[in-house]
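**Student:** One line per chain: the protein sequences are Y and P, in this order.
Under the UniProt record's numbering, the first residue of the first sequence is numbered 1, with each subsequent residue one higher.
Under the UniProt record's numbering, the first residue of the second sequence is numbered 1, with each subsequent residue one higher.
Bear in mind the hints are in silico, worked out from the structure with no lab data behind them.
Facing chain Y, from chain P, some residues (calculated, C-beta under 10 angstroms):
(1) A52
(2) R76
(3) R222
Label-pair ranges, simulated between beta-carbon atoms:
(4) K170(P) to P121(Y): 53 to 61 angstroms
(5) A374(Y) to S29(P): 40 to 48 angstroms
(6) F73(Y) to L153(P): 50 to 58 angstroms
(7) T72(Y) to K337(P): 27 to 35 angstroms
(8) P448(Y) to S326(P): 37 to 45 angstroms
(9) S196(P) to N74(Y): 34 to 42 angstroms
(10) N74(Y) to S326(P): 23 to 31 angstroms
Straight-line distance between alpha carbons at most 30 angstroms, and here's what the computed DSBU-like set of lysine-lysine pairs gives:
(11) K174(P) to K357(Y)
(12) K357(Y) to K248(P)
(13) K336(P) to K110(P)
(14) K195(P) to K337(P)
(15) K336(P) to K209(P)
(16) K60(P) to K357(Y)
(17) K357(Y) to K155(P)
(18) K209(P) to K170(P)
(19) K204(P) to K336(P)
(20) K337(P) to K174(P)
(21) K195(P) to K336(P)
(22) K243(P) to K357(Y)
(23) K357(Y) to K56(P)
(24) K195(P) to K170(P)
(25) K174(P) to K204(P)
(26) K337(P) to K204(P)
Ideal Cβ placement from N, Cα and C applies to all residues, glycine included.
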Amino acid sequence: MSISAEDRADNLRAMPATPGLSWIGRLLQTTSAGRVVAVTFLVVLLTFLSVYPLSMLLYGSLHSTPPGMAGTFNLDGYLQIFTQQNAVTLLNTVGIAFAKTIPSLVLAVLLAWILARTDTPMRGTLEALITLPFFIPPILTAMAWGMLGNPQVGLLNQVYQWVTGSNTAPINVYSYGGVVWHMMQYSVPFLFLLIVDAFRAMDQSLEEAARMCGASRLRTFCTVTLQLMLPALTGAAILSFIRGIENFESPLFFGTPAGIRVITTDIYDSINQRSPPEYQYATAVSFVIMALLFLIVLLQWRILRGRSFQTVTGKGYSPTVMKLGRWRWVTFAFCLLFFFVTVILPVGQLLIGSFFKFFGFYQQDMLTLEHYRAVFGSGDFWRGFSNTMLLGFVGATLTMLLGGAVAYISVRTKWRGRRLIDAMAWLPWMMPGIVLGVGFLWGFALLPHAIPIYGTIWALLLAYISLGTPLSVRIMSSAYAQLSFDLEECSRVHGGSWLQTMGRIVIALAWPSFAVGWVLLFFGIMRELSASVLLYSVGSEVLSVVLLKLWANGNAEQVSVIGLIMMGMVILFRWVQLKVIKSRINAL
Amino acid sequence: MLVKPGIAKAALVACLAALVVPAHAEDASWDAVVSAAKKEGKVVVYNMTLGAPYFKEVLKSFETKYGISVESLDLRASELAERIRTEQAAGRYLGDAEMISSTMIEEQLKNGDFIQKLPPIPNTANLRPPFKADDHSVPAFVQPMGILINTRLVKDEDVPRSWDDLTSPKWKGKILSDDMRPLGSGNAMFSILQKSMDADFNAKLAEQKPVFSRDMRNDARRVARGEYPIYIPQIFAFASDLKGLPVKIVIPKEGAPYARMDLAVLKNAPHPNAARLFIQHFLSVDSQLIYANAWMLPVVAGAAERADPEAQPFVNAKLIGPATLSERPSMMGLAKKLYP
Numbered sequence: 001m002s003i004s005a006e007d008r009a010d011n012l013r014a015m016p017a018t019p020g021l022s023w024i025g026r027l028l029q030t031t032s033a034g035r036v037v038a039v040t041f042l043v044v045l046l047t048f049l050s051v052y053p054l055s056m057l058l059y060g061s062l063h064s065t066p067p068g069m070a071g072t073f074n075l076d077g078y079l080q081i082f083t084q085q086n087a088v089t090l091l092n093t094v095g096i097a098f099a100k101t102i103p104s105l106v107l108a109v110l111l112a113w114i115l116a117r118t119d120t121p122m123r124g125t126l127e128a129l130i131t132l133p134f135f136i137p138p139i140l141t142a143m144a145w146g147m148l149g150n151p152q153v154g155l156l157n158q159v160y161q162w163v164t165g166s167n168t169a170p171i172n173v174y175s176y177g178g179v180v181w182h183m184m185q186y187s188v189p190f191l192f193l194l195i196v197d198a199f200r201a202m203d204q205s206l207e208e209a210a211r212m213c214g215a216s217r218l219r220t221f222c223t224v225t226l227q228l229m230l231p232a233l234t235g236a237a238i239l240s241f242i243r244g245i246e247n248f249e250s251p252l253f254f255g256t257p258a259g260i261r262v263i264t265t266d267i268y269d270s271i272n273q274r275s276p277p278e279y280q281y282a283t284a285v286s287f288v289i290m291a292l293l294f295l296i297v298l299l300q301w302r303i304l305r306g307r308s309f310q311t312v313t314g315k316g317y318s319p320t321v322m323k324l325g326r327w328r329w330v331t332f333a334f335c336l337l338f339f340f341v342t343v344i345l346p347v348g349q350l351l352i353g354s355f356f357k358f359f360g361f362y363q364q365d366m367l368t369l370e371h372y373r374a375v376f377g378s379g380d381f382w383r384g385f386s387n388t389m390l391l392g393f394v395g396a397t398l399t400m401l402l403g404g405a406v407a408y409i410s411v412r413t414k415w416r417g418r419r420l421i422d423a424m425a426w427l428p429w430m431m432p433g434i435v436l437g438v439g440f441l442w443g444f445a446l447l448p449h450a451i452p453i454y455g456t457i458w459a460l461l462l463a464y465i466s467l468g469t470p471l472s473v474r475i476m477s478s479a480y481a482q483l484s485f486d487l488e489e490c491s492r493v494h495g496g497s498w499l500q501t502m503g504r505i506v507i508a509l510a511w512p513s514f515a516v517g518w519v520l521l522f523f524g525i526m527r528e529l530s531a532s533v534l535l536y537s538v539g540s541e542v543l544s545v546v547l548l549k550l551w552a553n554g555n556a557e558q559v560s561v562i563g564l565i566m567m568g569m570v571i572l573f574r575w576v577q578l579k580v581i582k583s584r585i586n587a588l
Numbered sequence: 001m002l003v004k005p006g007i008a009k010a011a012l013v014a015c016l017a018a019l020v021v022p023a024h025a026e027d028a029s030w031d032a033v034v035s036a037a038k039k040e041g042k043v044v045v046y047n048m049t050l051g052a053p054y055f056k057e058v059l060k061s062f063e064t065k066y067g068i069s070v071e072s073l074d075l076r077a078s079e080l081a082e083r084i085r086t087e088q089a090a091g092r093y094l095g096d097a098e099m100i101s102s103t104m105i106e107e108q109l110k111n112g113d114f115i116q117k118l119p120p121i122p123n124t125a126n127l128r129p130p131f132k133a134d135d136h137s138v139p140a141f142v143q144p145m146g147i148l149i150n151t152r153l154v155k156d157e158d159v160p161r162s163w164d165d166l167t168s169p170k171w172k173g174k175i176l177s178d179d180m181r182p183l184g185s186g187n188a189m190f191s192i193l194q195k196s197m198d199a200d201f202n203a204k205l206a207e208q209k210p211v212f213s214r215d216m217r218n219d220a221r222r223v224a225r226g227e228y229p230i231y232i233p234q235i236f237a238f239a240s241d242l243k244g245l246p247v248k249i250v251i252p253k254e255g256a257p258y259a260r261m262d263l264a265v266l267k268n269a270p271h272p273n274a275a276r277l278f279i280q281h282f283l284s285v286d287s288q289l290i291y292a293n294a295w296m297l298p299v300v301a302g303a304a305e306r307a308d309p310e311a312q313p314f315v316n317a318k319l320i321g322p323a324t325l326s327e328r329p330s331m332m333g334l335a336k337k338l339y340p
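Looking at chain P on its own, in the form it has when it is part of the complex (with noise of 0.2 angstroms):
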């Protein structure tokens, strides 16, 4: 039996209908967060970026969209780490958001209730993949490593391309590195290269007799001045402004070794609906252009493909990893072994 046109027709509008009251009730609701955070007219984050230009003009943008302050409290890991444990311990609330490594984060849970389940944020549906949120946290960007060169000290065609390649004679104690016993950036790529190279990558890398130094910022800039031809691991981001100094970054075959940084609430934050808004930001296509732009890779969909043409390499580069938590004790163990 035909069914008349008049009844189907009204079908779909039922069905239409249907469909958009839900979604009318979340604009709703998201609406009164940010009227929230607008009232609470502050957010404190506390993070480690040490004062990298890129942050700070995200941080610009979002109290030019909202006119919310941003009060950016800015350590190194472990300084924060102590800090927040501290306050939550003493029981004094200073911080709201906090944006910090994966890691961190997951040892934070395993430690204690430092930070609070997340609360939906919208933005997180743009995730492109494999990033995800969770529970607690979201991806922020990652944090991607390759191998710094002088152009002047380093031939073409000794351009190690691959990791391997720096086990070459010819690089013998003219590696510069971050030192890859302490937790950061060198250990890092030790534990993430033991799994991914050959099972003896690390000892052979040992016997080069790097380098050791914990001034990431400051050795590309000795590399650039003739120093060392070649640095490791190099977090694309810091060459980023480098323009002009005779180096560059190479992004070995096998991938770049990265790091992630999540962010997440603080337990207890006192300005919450701000924390909130400001991760939702964060999450904006605008706000990761600005990291893709530094070089690094952004975590939503849409941002890595209008990066800058410069850019284009670093925000689209292969990415083996990340470092565990469950393994870093054995990881700083054998590194440890490895450089007495």
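Isolated chain Y, as found in the complex (with noise of 0.2 angstroms):
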């Protein structure tokens, strides 16, 4: 591996440069040695955080045993994928995949818009409040929706049949329905994170062009805010996609009951539920998701190749909201109503559910605050938690940090390594968290013996930059995406070292993305659980680990503590980013 990163590192320096190349790659290019290290160190890093565990996994889908005992290679693993139930699995997968992404991304670009683009009161709070559905962890919705959405004693059922005194229960969350739902209460929030920042950094002086050209607001929305947008929603639409097919707790909780199969199910199965496990079938599955996807992100790169973007240019502008006179409230309301729906509702249940003895039943007599105590008073917890702590701070800020450095080399210069460096970045997120989690097993513990990080608090973290590289990518790709390159040639030309343009022109633009993203990343490594318990030992155990081992111990109401614990911090931590950016904004 270690000669294979040099190799590559040789064929970056040695790329000759190619006529028409921009002055600014050609000086990248011809300047000290130390950005050719700076990249030899970027790719070595990346090799070792996504090529490596998963060259374990293709080892082990081509190989009839795991690493480390006898076998033989063979396409047995592959072969085993071609059945008509895999057929139908694999639709299952796609169909929900696609039924959570249409209507979210539909929903996310509506609150987007409303947020940042109109004069709805209160955006800075609602911006807050929709967006904290992402945060909490499935297995607590899971648990949720699981109470109010049953077929047979669910509240909403109970509420309807008090309403119209029908018997019957018209919501089943055991359903179709019932995955696509709870995939959505992610995948909306998820959306509008990571395109709302590009609604509000637009140009609005592009739609004025067009208004004064005689169009529509509608098409004036169609054919130049939606185009503007379209590296945004496109990325984001497709990571969506992808995170639908390998939705795991969804069709797990909601799924699995009802009889529905989707890919991650059925590879969860082939490893946990077999003896013994089915590896080799497990990782094939994942390779042939992973170069499935990969089709789709080729497909993003063609529809986006060779048409600029740029809405951040050097030209002076403000950024003005659409007045919407009466029509406000109902922008307002509409907001208040998704915000009820998707969390009020399920975290209400949360907080009724643990201050009784027994989750889902309400009587006085019942009533208790034991659960609280257990908590507070948990070793597990506090270990779990101040782990989880370290690990979100160091994690979230060394992902971002190398997201950005692959996006700037990815989307401002002219390196023709540039496509290897965003491919690399982006294999984690091309395979299912389930199975990458067993690479990372393999990978760590076949290191040589003198590399320690087998069984330690840094395997966690290595893993998690490395599950988390793809979003810090796409985030401030996106980010980047939108800045002319005026910006820093106005700098340099007015004697701005590399260092200082970067620090004054492109960092102070992008950095809302990359809180942004810090802050996604943080709870994702907060909620992260596939890779997890396969990579914590004794000393290194993580919320999510504790959370699971609660709720398999049937001790739902501690996870509702743990939860709203978790829920506190969210609204903390997102009241202070939002300060923060306002404030920073009104600066600009």
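Put the two chains together into one complex; each comes in its own frame, and the hints tell you how they fit.
**Tutor:** Now the structure itself:
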């Protein structure tokens, strides 16, 4: 692996300058060897974080036994894929991913437009509120909706029956609808967070030009606003679709009881419920998925190829909002409704559940505070909490720095190797987390003994960075894609050094996206489970694993308590983040 | 000729002295193990108890008694198996003792040398029949399973008192069950009942269209909430903390299918003496009593008799089984055939 990385570095160093290369690219390529060293380091790091675990999985998919056991090389894992049942499973998976992504994207665009481009009241507060669902661990909302939408005893069905006098129960979360619904709890705020800053940063003069040429509001929105949002929208939609393909919790909680199989639950079955575990099949399926998803990413590159989407230029501009008149209260109510359905209902269920002896049994004699005492008195909780805080802060910071560097090379330079770097950064997103965790397990365990990553907290950190890099790259790429090159050129012609240009121009304009990404990654790390459960060891427990143990042991009440604590942290972080962004934007 | 009394007395004393010497030597040997364990200061126990409070209670009593800290690595069965295999294959020896099912240990012995031969553990002398130690592992406890019912939804006259009662038409579509196709309690029950009941019992049960779930702990709560009237197989211990809820365990007259959990020492354990001492402690009557009061079946004599009155029916339940490793492939195949 090391030799291979060095070969790549040599290839980068030997790349000839091509005619027509922009002067910035030439300058970057011909200045000090530090550039080459930095890029080499980046390639080596990405190789270790992405390619190495995947190579373990590739070995696993071609070998009849896991690494470390005697066996034979064959294609049995891939041959097992082609069955009629798997075709149905694939259709289920793709169908659910589409059914989740399309309405989520529509909703997210609508919400982003409302909060970034209109004069709807309390936009800052509403933005914080409607993004909360993304930060709640799926197991919590699964518990909550499992109670709310239960076909036999769910609260929503009981309310419906009480209001209508009917005996029927219209809502059943254990269904395709339930799977999609639970997924949308995350994909709408996820998409919103990815695209809202692009909406906010857009220069309105382009819309005004269209209006002055006689275009209607609707046509302006379709031909100018949406077109300029294309990088953010397509990138976000693709990430959302990929996560829909790879989503595991929703099909597990709500699909499996209804007999709905998707690829991830099939992989989960083959790993966790076979004796011996069928790693060869699981890893082979994952590589097939990776290939299919990679084609989707190539599609995005093709859509965006050769088109300029720069909306932040050297010319002065002032973001303004559209005045809706009395319609602003309609949009306000719509945002509140979204918040109520996606936050108030499930979190309310958790809150109520945490105060009763048994989750879902609301009798006065069962009121208790014992679950709060149990959580705050638990050594497991505090150890998991402190480990998660450390990993969250360090992991989110390092991941955003790495993602920012990769995105800069990918979007702002002309280096021929930039596609390689971008692809390497993307790879972990192509692989379901429940399989990637196995890759990390094998990879870290089989490193030379002198490298003591296995079984330590650093194994988790490296896995989190790897899992988070695609998101950080996506966020920073969208931010950089909107910066015109003339901003950097202006700085340099006035004598600014490269570092000054980066600090005062690129970073200054892109850091709101950096902050959004940081918070997303922090809470992504907090709730990450697939890799954590395989990589944690004694002393390196994390909160997500503590939650899983409590859940598996039937302690839904304590899970609710911890969930509420996490919600409190989310609210605090988002409030601080938005305050800082607001004051910073006012200063611009 | 009458033997002189003095000579007889001397002979008796000599015999008694001869008996005492080995016992004394053995005591001294075990004290050395205890001292070495305390010097090691720590033991890492790989297990799959999923945070069970009674297991944690035993860990605390061990720490309190000997001053040796216990680190628990608590994973699901398949994850734990792959963790151990990977660590041993890579030569990274982090675990000391393991507490897993007897079939998993059998599988480990078949697939490689993941565990080492067990040195003598004094408390194995206290195992009650039919439980006994072998070269590599000792029984830790038994996990029997029965039928959980919601007492508000199931009338007294309808209570299923036999496994056969589950095939009554009144329960069609109303049985919540652990999935019988994958490895786990559901498959263990399936395999054991396939041997113990009529040949077509499992086929009849399949016609009842049980609803599968994989959340054993939470499924009992679902029955309590009234989502389903019946859940199978209900591990006794997983209902012992549901007092106050309208659920009850029925032990069918044919008996309770069970899985046995064993303790073993991992190969190249970093803290081998602490591991031995932990196993010794787990086989003490006090530790077994903690499990008995949680409705697990103890393996040491004396614990069942001392259990709480409400635990008595469970710790003395009639057992059928267990499932065996050699039968697993055919049983899993049959389960997949009956439940496609």
